[in-house]
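Asker: Letter by letter, the chains look like this.
Number of protein chains: 6
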Amino acid sequence: MRMHECNWMQVERYLESDDRIVLPLGSTEQHGYLSLGTDAILAERIALEAAEPLGVPVMPAMPVGLAPYFAAYPGSPSLRVTTYLRLVGDLLDSLHGQGFRRFLFVNGHGGNSPAAGLAPEWMAANPDGQVLWHDWWRGSRTWQVVQGIDPEGAHANWMENLPWTRLEGVELPEPKPLVPAEQLRASDPAGVRELLGDGSYGGRYQLPDEQVLEMWRTGVEEVRELLERGWR
Amino acid sequence: MRMHECNWMQVERYLESDDRIVLPLGSTEQHGYLSLGTDAILAERIALEAAEPLGVPVMPAMPVGLAPYFAAYPGSPSLRVTTYLRLVGDLLDSLHGQGFRRFLFVNGHGGNSPAAGLAPEWMAANPDGQVLWHDWWRGSRTWQVVQGIDPEGAHANWMENLPWTRLEGVELPEPKPLVPAEQLRASDPAGVRELLGDGSYGGRYQLPDEQVLEMWRTGVEEVRELLERGWR
Amino acid sequence: MRMHECNWMQVERYLESDDRIVLPLGSTEQHGYLSLGTDAILAERIALEAAEPLGVPVMPAMPVGLAPYFAAYPGSPSLRVTTYLRLVGDLLDSLHGQGFRRFLFVNGHGGNSPAAGLAPEWMAANPDGQVLWHDWWRGSRTWQVVQGIDPEGAHANWMENLPWTRLEGVELPEPKPLVPAEQLRASDPAGVRELLGDGSYGGRYQLPDEQVLEMWRTGVEEVRELLERGWR
Amino acid sequence: MRMHECNWMQVERYLESDDRIVLPLGSTEQHGYLSLGTDAILAERIALEAAEPLGVPVMPAMPVGLAPYFAAYPGSPSLRVTTYLRLVGDLLDSLHGQGFRRFLFVNGHGGNSPAAGLAPEWMAANPDGQVLWHDWWRGSRTWQVVQGIDPEGAHANWMENLPWTRLEGVELPEPKPLVPAEQLRASDPAGVRELLGDGSYGGRYQLPDEQVLEMWRTGVEEVRELLERGWR
Amino acid sequence: MRMHECNWMQVERYLESDDRIVLPLGSTEQHGYLSLGTDAILAERIALEAAEPLGVPVMPAMPVGLAPYFAAYPGSPSLRVTTYLRLVGDLLDSLHGQGFRRFLFVNGHGGNSPAAGLAPEWMAANPDGQVLWHDWWRGSRTWQVVQGIDPEGAHANWMENLPWTRLEGVELPEPKPLVPAEQLRASDPAGVRELLGDGSYGGRYQLPDEQVLEMWRTGVEEVRELLERGWR
Amino acid sequence: MRMHECNWMQVERYLESDDRIVLPLGSTEQHGYLSLGTDAILAERIALEAAEPLGVPVMPAMPVGLAPYFAAYPGSPSLRVTTYLRLVGDLLDSLHGQGFRRFLFVNGHGGNSPAAGLAPEWMAANPDGQVLWHDWWRGSRTWQVVQGIDPEGAHANWMENLPWTRLEGVELPEPKPLVPAEQLRASDPAGVRELLGDGSYGGRYQLPDEQVLEMWRTGVEEVRELLERGWR
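Protein chains in written order, with our numbering: chain A, 1 to 232; chain B, 1 to 232; chain C, 1 to 232; chain D, 1 to 232; chain E, 1 to 232; chain F, 1 to 232.
Only chain A is shown next, with the shape it has when bound in the complex:
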């Protein structure tokens, strides 16, 4: 249930018998040849597919997050970490004040993880609330499927190349070697761009949709399971 396809009366009615809500977290940032919106698109879509049969409302994805290391790639706006924490905290506070009690953040971007650290702080202050943070592609079963397909699944390669993130008319190059994460760790934005070039972390840029969609379906299932059984 898209929040933006409801009016407040419908939400009020929903809250009479449920208190869950899904908040997809995205980013607008370089994804090599793929859409700048990849993380937001995937997070929102996986959340919607997972929540639909349960009737749980889903907010639109937050379109910006934390991507300072991609600052040398135009089209990668980023918030400061403290700003992002306040943003996430304010969302929890105001929705909690309106009756929601169980919050599932479906995150599409690894860089957003510091905000996961707000969950325990917020629950300490709001003991009647529950907050789950889920990086969809790192869910245990989903990650297993990824590893089964190709252990090189990574940022801006086949793992994020889905029918809804690829761009019309953009051709993809041949595979390139994976850039080791260790080299990226201590790099400033110019260094990151030097290492990544086109922005992909390497490996194959595309795999047959049937393979990638298997990962996707597992991802959807894991989000749904969390929504159903992830609470305390």
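These are computed hints drawn from the structure, not numbers from a lab.
Please note that the accuracy of each hint is not assured.
Computed beta-carbon distance windows for the label pairs [unchecked claim]:
#: 1; chain 1: C; residue 1: ASN126; chain 2: A; residue 2: PRO173; range: 52 to 60 angstroms
#: 2; chain 1: B; residue 1: PRO53; chain 2: C; residue 2: ASN126; range: 46 to 54 angstroms
#: 3; chain 1: E; residue 1: ALA181; chain 2: A; residue 2: GLU16; range: 45 to 53 angstroms
#: 4; chain 1: F; residue 1: ARG229; chain 2: D; residue 2: ALA190; range: 19 to 27 angstroms
#: 5; chain 1: B; residue 1: LYS176; chain 2: A; residue 2: ASP18; range: 25 to 33 angstroms
#: 6; chain 1: D; residue 1: ALA190; chain 2: C; residue 2: GLY55; range: 25 to 33 angstroms
#: 7; chain 1: A; residue 1: ASP18; chain 2: E; residue 2: GLY99; range: 52 to 60 angstroms
#: 8; chain 1: C; residue 1: PRO180; chain 2: B; residue 2: PRO53; range: 24 to 32 angstroms
#: 9; chain 1: A; residue 1: PRO53; chain 2: C; residue 2: PRO180; range: 54 to 62 angstroms
Which residues of chain E face chain F? A few of them, derived with a C-beta cut under 8 angstroms, are [unchecked claim]:
#: 10; residue: GLN30
#: 11; residue: MET59
#: 12; residue: VAL64
#: 13; residue: THR83
#: 14; residue: GLY97
#: 15; residue: LEU167
#: 16; residue: VAL220
Among chain D residues calculated to face chain C with C-beta under 7 angstroms, some are [to be verified]:
#: 17; residue: CYS6
#: 18; residue: PRO63
#: 19; residue: TYR73
Just so you know, even glycine gets a beta-carbon here, dropped at the ideal spot from N, CA and C.
Given the structure of chain A, go ahead and fit chains B, C, D, E and F onto it with the hints provided.
Answerer: Okay, now just chains B, C, D, E and F, sitting in the frame of chain A:
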């Protein structure tokens, strides 16, 4: 040009000959019988229609803003004002660092206005940048058209009832008297709900699309004019 | 009743039968040939004249506000917007803790408006409090009088030239054309100074006191009416 | 030279040959039988008398400061410490941007002292600036005069009872024993009020003006000396 | 080289030929039967052992971090996430200003991880600096050793029970079943205490020192390798 | 009782009959020829010696504080004042939530004083808590002993030269004239270094331990008295 339908290479190419960008600002909040996303939907759409012939990139609408007075209506998340200012400031800082120089905020929600006050502060610190803030429905010509149609155009009545904000299967009631703004000013959220009831500020809930779309077209034109000639 | 002409026992006695307070908000910033303190002087004085017959206490005007666009004119200190919001919020919090419930901000400077956006946020957190924000020169009746006198009333021209803001021994020049607001919008401080020169927005620098004082008296009346009948 | 009796052209001319400015810091808070504005009144007046023969501009006193321990006395608004630090920092930043380089804070309220700790931080970031913080009544010579008159000089007793802080028609009681500072240290606001009662720290409420004005004149001299010779 | 066993002249001499520094991050929080300081003790000691042969200075461990989920266990002070981020950022800023360029955070507490997200933001603003964040027990080789010893190594069980974290005279109970991480995720502090009881995540409370010290030696080696070869 | 030599069960037991805690505050900063950790070492040790016979728990010293004026001396990390205030406030909040009610900050560094200003603010918000701030070397009796030994006792001279702050193998120079505090006040970091040279404020670098330890014993006694009788 939707930012999310580009990759970073396309944005880099764009920046070789231009430095404008449009940032639509929305809100998720009660709009009576209409979509909770009304302000985000309208801001993003009007920005896209205005920017398209110019080839200027448009970010996705920020889906939450400042709506604390609607806190008694579920489905109306809101940020604290200081959080929102930081959010807007971080967007400007990071996009400026990537080559953008002229920023047009197309705002769809009156409550977001405090962030307009950041523009001069930011330009004082970044004298090579230009920031325009535009409340689309209050543009001088658009507002004239609204007044010409019906001077009672207001929050959650016909003025925001467009084919893309109305909800399937939701019936609209008969007109009700307009609630005077003065009564709302000093009210806390419970008081606001008591005064507004269904959430609309009053007047007629719907007018024929041909009338409302005249307002819309004027709105699109005004945004486009700003993009073309609003800079210093 | 000037707060600074009371001791705490007198305020405690006042609070036994009333809970209103007036907080004038000023600025120290360029006003062309007029006093740098124009906005603070006018806000405090209009508040005092309005409150006196009602016995409501009036704080001294906050002498600084938000004026980053005048940064190229020396003598124009300015706060960051987030600082100003905290300042206004702390004033409300601490006075509320001491028994005040109805707060009227009488603002003398357009640039301070972002702080008005704090009122609904604060009332959502303090539902037993009421906060009114009033830009004295834009009160509906006062603005009508201004328009009746001369539709070019603006920053640092006749509209702010009163016996208590003009400086001894300073001569005023002949009128100059009004600078269109649109040109100022996207300008950094150096650009603002280039456009405004002496700092006035243009038009006539002075009108006969009897005319300007009519505006003033209407302004005083409007503030008093708000104090008497502006509450929910 | 009162800043509010100048226009910006006069300040610009001043800055051609000087770069000093005085910023008086006050508070609005209980002072027993004396004016709630005592600290602001004294800080501003002593600054003006000291600066006048030197032609150095003086801002109006900041009317609120840090007085949380007096929260049980109505009429004692207070800022949070972090807000106050931001306020002081913003004043320095913006005036520095307009050409001032030597800043003298003349403080009238002991509770404001945490802001003195900002001076070295600000000078580390702005090595061409100099910031002096001066608690006028604790200046070495002034304090000696106070001790010579009566070692019990303290908050809201004779030491702050000057022709410009006492209130018409308010009678003063007989002396009471001094409340030991140690008892106040660990007290919450209710405890402070229990200990202080009328708000004075004790001792004599008034001494002959000729004695108190000796303290005053020494205070003025010390401020003036700092303005003349306190810089590095 | 302990920073606190140097004076500034020795550090200045060091900086003539090197620019590395180690900042251990700890926490004071419940560790079952073990010391409340376990995370700080281990982080500081592993950093010192690793840095000693290289002559790189090591700060004392930050004794508090992020542990809000243990709030129901007395002796577990915790910072807010935004405070911790500012703390870490200020350390980087001030040490960078004094000549350090390569910073290794050796972290002893999983809950501190949100601060790792500051590293890329800080490097984007300070491109001549390098920041590495290392959770010592999760280093790839160390974790392998842990898994080899007993895959149930976890908070407050044998994995953190070393000669320098165990307390004299405190007896350890028999093993208990491991508490699944999923159950802890959505729990508030009271729920966490209900699940954990004595505070250990379960498994065996102690293993022979020779085994645990193998993990320790690997941990030391990994930190040293990072210090030697982890930079870009 | 060192907090880090307890586990949480022991603290819980302690809280059944007491609610005091000591928080030593240090700094890592230049101390001339002495240890960079002088302030942290002294604060922690004096707190431990004072608290031991009373069985009150003592946190490890906070190793960094406010020392921006020493920024030209490498090895002097410093927090921003607002960060430090948040840090101190968070410690109070979280320990208060776990049952502590009486907090004694034993401070070893004059520059940390702005945080003392948080105590009344915090007690106003937490009226069941008591916060004492004590600069150990400025305690009235300790200071008298210092004056009796040598009125030139100051930063990084004999007054801080104790067996546990002096460094092996570092020779001390002959006395030098005391640098007048007034000269330091308005100096930026480079100016401070120019004035202080080796970092000591001047006077004698060392006195016989028997003299300095008399100061120390008095310092310990004063802290203990505060712990026993300093509360309201």
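Asker: Each hint: holds or not?
Answerer: Hints versus structure:
Checked against the hint of 52 to 60 angstroms, the pair C:ASN126 and A:PRO173 passes, with Cβ atoms roughly 59 angstroms apart. Checked against the hint of 46 to 54 angstroms, the pair B:PRO53 and C:ASN126 passes, with Cβ atoms roughly 48 angstroms apart. The given range of 45 to 53 angstroms is broken by E:ALA181 and A:GLU16, whose C-beta atoms sit roughly 33 angstroms from each other. F:ARG229 and D:ALA190 have their C-beta atoms about 21 angstroms apart, which keeps the hinted 19 to 27 angstroms range intact.
Distance hint check for B:LYS176 and A:ASP18: the Cβ-Cβ separation is about 31 angstroms, which falls inside the suggested range of 25 to 33 angstroms. Distance hint check: the CB atoms of D:ALA190 and C:GLY55 are about 28 angstroms apart, consistent with the given range 25 to 33 angstroms. Remark: the range hint 52 to 60 angstroms for A:ASP18 to E:GLY99 is upheld by a beta-carbon distance near 57 angstroms. Taken as a hint, the range 24 to 32 angstroms holds for the pair C:PRO180 and B:PRO53, whose Cβ atoms sit roughly 26 angstroms apart.
With their beta carbons about 57 angstroms apart, A:PRO53 and C:PRO180 fall inside the hinted range of 54 to 62 angstroms. The closest approach between the C-beta of E:GLN30 and any C-beta of chain F is roughly 4 angstroms, which is under the 8 angstroms cut-off, so the hint is satisfied. Taking 8 angstroms as the C-beta cut-off, the interface hint given for E:MET59 holds, the closest approach to chain F being about 7 angstroms. Hint status for E:VAL64: holds, given a least beta-carbon distance of 7 angstroms to chain F, under 8 angstroms.
For E:THR83, the suggested interface contact is upheld, since its CB lies about 4 angstroms from the closest CB of chain F, less than 8 angstroms. The beta carbon of E:GLY97 is positioned within 8 angstroms of a beta carbon in chain F (closest approach about 6 angstroms), and the interface hint is therefore held. The interface hint given for E:LEU167 holds, since its Cβ lies 6 angstroms from the closest Cβ of chain F, which is under the 8 angstroms cut-off. The closest approach between the C-beta of E:VAL220 and any C-beta of chain F is roughly 21 angstroms, which is over the 8 angstroms cut-off, so the hint fails.
With 7 angstroms as the threshold, the beta carbon of D:CYS6 comes within range of chain C, its nearest partner Cβ sitting at about 6 angstroms, so the hint holds. The interface hint given for D:PRO63 holds, since its Cβ lies 4 angstroms from the closest Cβ of chain C, which is under the 7 angstroms cut-off. Because the smallest distance between the Cβ of D:TYR73 and any Cβ of chain C comes to about 4 angstroms, under 7 angstroms, the interface hint for this residue holds.
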